[in-house]
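Novice: As a plain string of letters, each chain reads:
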Amino acid sequence: MQPERYGPGLRMRLGESLASLHQLGRRAWLALLGIAMGCAAVVALLDVGHSAAQHARQVFQGMGSELMVANLMPVADGGARAPVATGFAAAPGAVRGLAPLAMTVADARRGAASQSLMVAGSTPALAEVLGLQVQHGRLLAARDAGSTHVLLGAGVASQLQAGVGDRVQLGRYLFEVVGVLAPRGYNPMVPLAVDDAVLMPLAGLRRLSASSQISVVLALAADDTRMAEAAAVLQLFLQVQMPAMQVEVLLAQQLLDGMARQSRLFTGLLAGLGGIALLVGGVGVMNVMLMNVSERRREIGVRMALGARPADIAWLFLLEALLLAAAGALLGALLGVLAAWGFTAASGWQLHLDPLSIPLGVGSALASGVFFGLQPVLAAARLQPVVALRDD
Amino acid sequence: MPDIIRLTDITRRHGEQTILHAVSLAIPCGQTCAIVGPSGSGKSTLLNLIGLLDQPCTGQLLLDGQDMTHASAAQRAIMRNRALGFVFQSYNLLPRLSALDNVALPLSYRGVGLHAARRVAQGQLAAVGLQARARHYPAQLSGGQRQRVAIARALVTEPRLLLADEPTGNLDRSTADDILQLLLALNHERRLTLVMVTHDPQMARHMQRCIQVSDGRVSDGHAA
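Those protein sequences? They're chains Z and B, same order as listed.
The opening residue of the first sequence carries number 1425 in the numbering used here; numbering runs sequentially from there.
The opening residue of the second sequence carries number 19 in the numbering used here; numbering runs sequentially from there.
Since the hints were derived computationally from the structure, they do not count as laboratory data.
Glycine is no exception: its CB is placed at the ideal position from the N, C-alpha and C atoms.
Just so you know, not all the hints are guaranteed correct.
Pulled a few chain Z residues facing chain B out of the computed Cβ check, cut under 7 Å [claimed, not checked]:
| no. | residue |
| --- | --- |
| 1 | Pro1432 |
| 2 | Gly1535 |
| 3 | Gly1595 |
| 4 | Tyr1597 |
| 5 | Glu1723 |
| 6 | Leu1730 |
| 7 | Leu1790 |
| 8 | Arg1814 |
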């Protein structure tokens, strides 16, 4: 006796659910707000996390994937001053370009301007390894080794208002500027902010500080697909050259991997927070639906007497829960994007929407609405008509 | 004349308590029939079983020739919509629907569109003399008018059997008489079988048949 088609059409069901939601008034708004907050949290957190990762990636893109950074640490009891190796010309084949770096801090003075600056001593190979380019003048060459020639970072040049040919006093010596570097930006791999530093030949650094010695060796791998191998070769090469030092080679990839791990953990944590917010929103939906069903018990009985099947009753209330969740999800998605935009703008990053954030946020909000709405909905559908109609 | 209702050895229990004891009953098509008895005698339970709002524990229930004893909840709902009309003591109109939409509601479960359903409902409201009140909400109507809306709602699906549970219980004497006359006229004009639970002997007297329920057992009698 089951007819081919029985029960109201979808449009009619939607209309009925909308009308009863309207009836719920402020209570519906509260449940909706709960869901919206949950969805907004998921969307905002995913988008902020994604934007942060994108920002970090952009920062690291400037580093060059072939760059290797070897940190040198004196072995604690090797008190004897290690002979500083300068025989880097004979670098192994897997390593291309090898630049030792020694650093000290010195007071720079030019005319009235005076400030404390980072001064780095290295070989001409540094320019190749870091891809340095001059804005004015020329780079340092091998013939500058014994001279008092210096290169200024872009920031230093503008602070001291010094140009090519000017003289700058560093410590107790006067140095001659032979070039000003183009602005570089900060590279988190390199322990030297090139823009804010003065570069000079390694030997020249002795004039500023007798104790300064090579603490870092920068190198490029010949083949960027075999970084691990190149790192091992570099490590062994430096260890042999400087037995009194402990050598530790860092790769850009390692930093990137570590950051990716951290960012995954962070995203998981944030998603968990969003989940908790959704849980709270879902409980709000459940509360509204439970009250809704118990207040409309008699209506359920009347509808059943007039021919509503359990499935029709279930649809009536399920659509209400779904509409609530959907409205909350849409509102939440909007709020979430706005919040992410506000946060990234305040952090000075660019907003990158995670393509998954909105589907995930809206989807989980809908799922939480249905999940928490389901129990009251099923309770309504399982009511016996005679029980639902009973006076009490 | 075929029976529209046939109950065979119907028993209904609530836990330990037996509300109906092996009730057998047949009501032919087109009959008007009162169910009378003291409070708690089981007459409402009997009406609920006939109306497929409740299920018997044992026995067999035939409605319009179909065995509904073990029908599923959905099958019973469809049968209620197709063959039965209900009129309740407390009207049971949905307060946030207009009189017209209350009357149109049963048609929506048949998949009839809103406009078509409203057209048919308008006709039924006219049949109970309330065409002018179609846009009113239940709260804006008197008791008698509400019951007329409820009757129009029961009739809109063109059922063969009208079940009324104390339809005049909340109404004053003259309004009650009007409602009774309306129900009797419907029985006469549409060959509608009418089964009415009532406390009121005067109401019962207007029925062709009177079924007495006491302590869960039925005995037949004709109204004086």
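Novice: Holds or violated: the hint that Leu1730 of chain Z contacts chain B, with Cβ atoms closer than 7 Å.
Specialist: holds (4 Å)
Novice: For the hint on Leu1790 of chain Z, just tell me whether its beta-carbon gets within less than 7 Å of chain B.
Specialist: violated (26 Å)
Novice: Taking 7 Å as the limit, does the beta-carbon of Tyr1597 of chain Z come near enough to a beta-carbon in chain B?
Specialist: violated (92 Å)
Novice: Just to be careful: measuring from the Cβ of Gly1535 of chain Z to every Cβ in chain B, is the smallest value less than 7 Å?
Specialist: violated (85 Å)
Novice: With 7 Å as the cut and Cβ atoms as the points, is Arg1814 of chain Z at the interface with chain B?
Specialist: violated (10 Å)
Novice: A closest beta-carbon separation below 7 Å is what the hint needs, so does Gly1595 of chain Z meet it against chain B?
Specialist: violated (88 Å)
Novice: Min Cβ distance, Glu1723 of chain Z to chain B: is it shorter than 7 Å?
Specialist: Holds, because the Cβ-Cβ distance from Glu1723 of chain Z to chain B comes to roughly 6 Å (cut-off 7 Å).
Novice: With a cut-off of 7 Å, does the beta carbon of Pro1432 of chain Z approach a beta carbon of chain B closely enough for the hint to hold?
Specialist: Nearest chain B Cβ about 4 Å off; hint holds.
This entry does not satisfy hints 2, 3, 4, 7, 8, going by the numbered hints stated previously.
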